[in-house]
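Residue numbers (this note's numbering), protein chains in the order written: chain G, -7 to 216; chain D, -7 to 216; chain E, -7 to 216.
Don't take each hint at face value.
For chains that are exact copies, the list does not tell them apart, and a pair is met inside one copy or across any two.
Okay, derived cross-link-like pairs now, DSSO-like style, lysine-lysine, Cα gap no bigger than 27 Å in a straight line [said to hold, decoys possible]: (1) Lys7 to Lys37; (2) Lys205 to Lys136; (3) Lys7 to Lys136; (4) Lys205 to Lys184.
Keep in mind that the hints were calculated from the coordinates and are not lab data.
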Amino acid sequence: MQLAEIEQIKQQLIKLDSAAISDAMDSLNIPAGLSGIIPRNSGMKITGPAFTVRYEPIIPEQGKFLNAGNYIDEVPSGHIVVVDNQGRTDCTSWGNILTYKAIQKGIEGSVIYGSARDVSEIRRLSYPLFTTGIYMVSGKNRAKVVETQCALRIGDVNVCPGDWIFADDNGVLVIPLQHLLTVIERAENVEKTEQAIIEAITNGEDLVSAREKLGYAVPWEHNS
Amino acid sequence: MQLAEIEQIKQQLIKLDSAAISDAMDSLNIPAGLSGIIPRNSGMKITGPAFTVRYEPIIPEQGKFLNAGNYIDEVPSGHIVVVDNQGRTDCTSWGNILTYKAIQKGIEGSVIYGSARDVSEIRRLSYPLFTTGIYMVSGKNRAKVVETQCALRIGDVNVCPGDWIFADDNGVLVIPLQHLLTVIERAENVEKTEQAIIEAITNGEDLVSAREKLGYAVPWEHNS
Amino acid sequence: MQLAEIEQIKQQLIKLDSAAISDAMDSLNIPAGLSGIIPRNSGMKITGPAFTVRYEPIIPEQGKFLNAGNYIDEVPSGHIVVVDNQGRTDCTSWGNILTYKAIQKGIEGSVIYGSARDVSEIRRLSYPLFTTGIYMVSGKNRAKVVETQCALRIGDVNVCPGDWIFADDNGVLVIPLQHLLTVIERAENVEKTEQAIIEAITNGEDLVSAREKLGYAVPWEHNS
């Protein structure tokens, strides 16, 4: 995908929210939510193609730090780092050094299936971070990068390099690249249906009649 | 219960906190805490009679949204919605549309034994929301309303229609209607005992002597 | 340890963070993190010697409150209360009365392996509190103090009276007294290494070369 195309899709997606996109994914019967990965500062919303990273546990070795490996230098601007550290909360796979480099490179944010540290500093820098946990114990000597830009499996969801990530206060979603345009179109329709219902009910209409009239059962087919 | 009576009880209860009410419930040996249901915005305190709603799981059906059911149009002003979605965190049973309708109807807040979505919007609207989890995946096609104004069982606590709910930053309590006046009286006494102890210790008295002198062992019998 | 010595060590430690201290502990192969105990207000950082308290469950007795026991009058100024209530989240072992007394005595903060209540009030007082959970149900008649200034075992970490606690937004660490000076020295070196790397990468250097040049593999041996 060309940079200009990425930017255009971002502008469309960022107007939506995770609820509408999830409903669009539901209409295609594709699981999308990364269960248990939650925002570590409030009010963040990010979207972009995934750069995937897979960690594996290693046996600690006394007296030295085995670096966890490097990949950040390879992540393209505008992408979102997605780290699979198997949901481990006993050690971290994100911290302040990676954050400074990510900001400097124009990376959009990080989604960590596992824990992160330096969370005060990351909040102060307003860097969008979504993780399973927060802890201070390093991943060094506990886990290492074994593969990048590979297919990940997080819960019941597949994440391939270039799949799109959408994350906000409700959590994190994965949109497979081949369904991206369909999902955007359906999510926009869902949003329109919901806005129409909200308008009707704040004008005093009953929810049951507003839903029926405005097509809540198939909101991705909205046309008005 | 008449509206005027409800208002008067609310004014008494809202001066208290969940700790004092829980101690009063303890003195009657009635379990009251809804374990694991936590506030989704900070500094909220609500109380009112429960309007109960029970969900059951359904088998997802591809290609359409089966509405989860409607009940919000029936909830009286001043009440608190209590939803039993079996603590599920893989799908939601509260969101922005229900919130707008709840605000418009003068509903006090929602207690969800399960997850909610649209949490940014709900925080922006300052709507009091207490849930097991936050997620974005809809309950549509995953769970449906099977009963309203029925007895619920959440953990080891019973919630009947008209039982009173009290929720603050510590969590959520249920006060059975038949014990309401006793609980208020005892909780007011607990509060007085604790205030007297806090006054004594901030004046430098040892905690052990302050507790003994001020009847901390049976604080609901406070009389001064 | 004399008061002046305690103060001097605090001034050294408080400039560091839990990540650097954890890395120093890793270099000595000593587990230090109290997993699952998290900050209850944001932006707090505390350090000091531990005053330890051990609770045990008791069988509830109807109709009265058995006080959980008192220890707060014995805690020296400048110390940190560490309570082992076995990680229980069904009842609390910290609240507002203990907080008022702790502030009045100059106690630095509390680390509760279990739950606390009165969290709104504690936040308003800016008292540093780290706990497993938040709930409102009292520990009275459910747990009691059985020992103070004893050895605790929290997860895989030992806490002895006088061991040092360090807690910030990432969580809580225990530094055994006999390793304190080594840990401080190594953590200061870790911090210097990390600062040097951050400076290099924000100047545009690749992470991989910055790490290699600046000795990231053995950061506690920093010398420049």
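query = Which hints, by number, does the structure contradict?
reply = Hint 3 is the one this structure does not satisfy, whereas the remaining hints hold.
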